[in-house]
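Participant: Sequence:
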Amino acid sequence: MIVRWVTGFLDTPAESAPVAERFWLAVTGSGLSPRRGHFVTVVPEKGDAYLRLQVVGEEPARAHLDLHVDDPFRSSREVAELGAVVVGTQDDLVVMRSPSGIVFCLVAWEYERELTLPRRWDGPQSSIVDQLCLDVPAAFYARELVFWSQVTGWERRASSLPEFTFLLPPARMPLQLLVQRTGGGEAGVHVDLACDDVGAEAARHVALGAAVVRRVPRDWTTLRDPAGREYCITARSPFR
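For the sequence shown, the working numbering gives the first residue as 98, with consecutive numbering after it.
By construction, these hints were calculated from the structure, which means they are not laboratory data. Hints should not be assumed to be uniformly reliable.
Unchecked claim - Distance windows between CB atoms, simulated:
| # | residue 1 | residue 2 | range |
| --- | --- | --- | --- |
| 1 | 184 | 300 | 36 to 44 Å |
| 2 | 263 | 314 | 19 to 27 Å |
| 3 | 220 | 178 | 45 to 53 Å |
Said to hold, decoys possible - Taking lysine to aspartate or glutamate and the DMTMM-like style, the derived pairs with C-alpha atoms no more than 25 Å apart in a straight line are:
| # | residue 1 | residue 2 |
| --- | --- | --- |
| 4 | 143 | 219 |
| 5 | 143 | 211 |
| 6 | 143 | 175 |
| 7 | 143 | 209 |
| 8 | 143 | 118 |
| 9 | 143 | 207 |
| 10 | 143 | 293 |
| 11 | 143 | 294 |
As the structure is a computational prediction, the values presented were derived from the model and not from experiment. Built from N, CA and C at the ideal position, the CB exists for glycine as well.
Could you build the full structure based on these sequences and the hints that come with them?
Facilitator: In C-alpha cells:
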C-alpha cells in the first residue's frame with residue numbers, strides 16, 4: 098500500500114458548524130466548495146484540496162484523517178493485518194480504527210498532487226496547516242508509533258522533546274504526522290499550523306474567534322476554535 102495523499106477532516110456538531118466553517122476559511126485564507134451532503138471542502142487559492150469539514154451528530158468537535166490510496170478495500174486488508182479494525186464501509190471508502198482507537202478512513206486517490214503554498218499575512222507572518230498530530234495515551238504510544246510507521250512507510254524522526262515523534266512523508270504531500278504521547282484520556286487527532294511568528298499568528302486567530310489554551314514560549318501555542326476544538330500553532334518553518 099502506498100499513501101498517495103492525506104486529507105485532514107474537521108468534524109463539527111451541526112449547531113456549531115457554520116461558525117467553524119467561517120473561522121477555518123479565515124484562518125487558511127481559502128474558499129469553500131459547494132456542499133456535498135454533510136461535507137464541504139476548503140479550497141485553497143492554488144493547489145489541491147487537503148482540508149475538509151464534516152457535520153457530525155455528536156459532541157465534541159474533533160478531527161480525523163483520510164489516507165488516499167489506489168484501492169481502499171485492498172489496502173484495508175493490509176492495514177487490518179497491522180492491527181487496525183474495520184469500523185464500516187461505503188461505496189468508495191473504508192472507515193478504520195487504529196490500535197489506540199484513532200478513527201481514520203482509506204479513500205480512493207483522485208490524483209491529487211499539487212501542494213498549497215503558505216499564506217503571508219499582514220503581521221507580517223506566514224502560516225499553513227501542514228501537520229496532523231496523533232494524540233496517543235502513554236500506554237499505547239509505542240504500539241501506535243509502530244502502526245503508523247508501517248501504514249505510511251514514512252521516515253520516523255525523533256523530536257527534541259521526548260513525547261513527540263515525527264513521521265515525515267515524501268516531498269509532495271500536504272500533511273505530515275506527529276505522534277504525541279499524552280498522559281491519558283482517549284486517543285485523537287488535532288490540526289497543527291506551521292508559522293514563522295507564533296505570537297502574531299495566535300493574535301490573528303484570537304481576533305477571528307479562537308481562545309488561547311496554553312502558550313509554550315518558542316515552541317507552540319494551543320488554541321480552541323469557536324466550536325471548542327483544540328489545535329496548535331507551532332514554531333516551524335511554513336516553507337518546508
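Participant: Hints first: check each against the structure and report whether it holds.
Facilitator: To see whether the hints hold, each was checked on the structure:
For the pair residue 184 and residue 300, the supplied restraint of 36 to 44 Å holds, since their beta-carbon distance comes to about 39 Å. A C-beta distance of roughly 21 Å is found between residue 263 and residue 314, which places it inside the suggested range of 19 to 27 Å. Judged by the Cβ atoms, the range 45 to 53 Å given for residue 220 and residue 178 holds: they are separated by roughly 47 Å. Among the hinted pairs, residue 143 with residue 219 is consistent with the structure: their alpha-carbon atoms are about 19 Å apart, no more than 25 Å.
Between residue 143 and residue 211 the CA atoms are separated by roughly 8 Å; this keeps the pair inside 25 Å, and the hint holds. The suggested pairing of residue 143 with residue 175 is violated, with an alpha-carbon distance near 34 Å, which exceeds 25 Å. As the CA atoms of residue 143 and residue 209 are separated by approximately 12 Å, the hinted pair is consistent with the 25 Å bound. At roughly 19 Å between alpha-carbon atoms, residue 143 and residue 118 fall within 25 Å of each other, so this suggested pair holds.
A C-alpha spacing of about 17 Å is found between residue 143 and residue 207, which places the hinted pair at or below 25 Å, so the restraint holds. Our distance criterion of 25 Å between C-alpha atoms is met by residue 143 and residue 293, whose separation comes to about 21 Å. A hinted pair counts as satisfied when its Cα atoms are at most 25 Å apart, and residue 143 with residue 294 qualifies at roughly 23 Å.
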